[in-house]
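Participant: Working from the sequences, and respecting the hints, build out all of it.
The sequence shown maps to residues 352 to 527 in this note's numbering.
There may be inaccurate statements among the hints.
[To be verified] With a Cα cut of at most 27 Å, we get these calculated DSSO-like pairs of lysine-lysine:
1) Lys356 x Lys421
2) Lys355 x Lys421
3) Lys421 x Lys374
[Claimed, not checked] Estimated spans, in silico, between C-beta atoms of each pair:
4) Ala468 x Gln502: 13 to 23 Å
5) Glu484 x Thr362: 38 to 48 Å
6) Leu424 x Thr458: 27 to 37 Å
7) Pro463 x Met352: 33 to 43 Å
8) Val359 x Lys421: 17 to 27 Å
9) Lys353 x Ser503: 24 to 34 Å
10) Glu448 x Pro471: 17 to 27 Å
11) Glu448 x Ser503: 34 to 44 Å
12) Tyr523 x Pro415: 22 to 32 Å
13) Asp437 x Ser403: 12 to 22 Å
14) Glu482 x Thr362: 30 to 40 Å
The hints are simulated quantities; they were obtained by calculation from the structure and are not laboratory data. Even for Gly, the Cβ is constructed at its ideal location relative to N, Cα and C.
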Amino acid sequence: MKEKKSIVELTRISTSGYRLLPKLPVALMADNVRSMHNVGSMLRTSDAFLVSEVILGGITGVPPHPEISKTALGAEESVSWRHVDDTLAEARRMQREGWRVIVLEQTHGSVPLRQYAPEPGERLLLVAGNEVEGVDQRIVDMADTVVEIPQSGTKHSLNVAVSAGIALFHLYSELV
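Facilitator: In structure tokens, the structure reads:
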């Protein structure tokens with residue numbers, strides 16, 4: 352039978368229960384993301400894939416904000432998040448602490464996302480960039496790995512929240 356599930360059947364876990372779940376060793380950094388809707392979407396996707404933390408960097412908006420709430424649908428309450436003024440400094444700090452910096456960007460020499468597999472025990476910082484310029488070039492330069500989502504259509508890029516979602520699903524699939 353292909354009957355849709357009811358909202359009662361879809362109810363999973365409370366926000367307080369979710370906060371207690373073990374999270375993946377994955378953090379998502381939004382590098383100067385302009386759209387509050389994209390921020391909300393990234394928070395919601397991070398909730399779905401057990402991301403340990405979302406780092407909202409630079410000009411990236413932060414909750415509470417109506418446009419974030421519209422797409423986050425409460426994930427701004429369940430997902431651990433914080434704001435940093437300087438994404439480059441934070442990426443460097445986390446890298447020094449042993450996080451592997453994975454940039455989601457189109458570069459010469461980038462690794463197709465489907466070919467990227469994290470090493471056991473690695474902590475991963477996935478960096479997604481703003482809608483116009485992408486990830487700050489200085490972060491690209493210091494990254495441990497740059498992954499790219501191959502595309503076959505006429506457009507040269509995907510929406511930042513969509514790209515982050517695809518990459519987070521890939522990492523989730525590799526780690527769970």
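Participant: Starting from the hint list further up, note which numbers the structure goes against and sort them upward.
Facilitator: Violated hints: none at all, because every hint is consistent with the structure.
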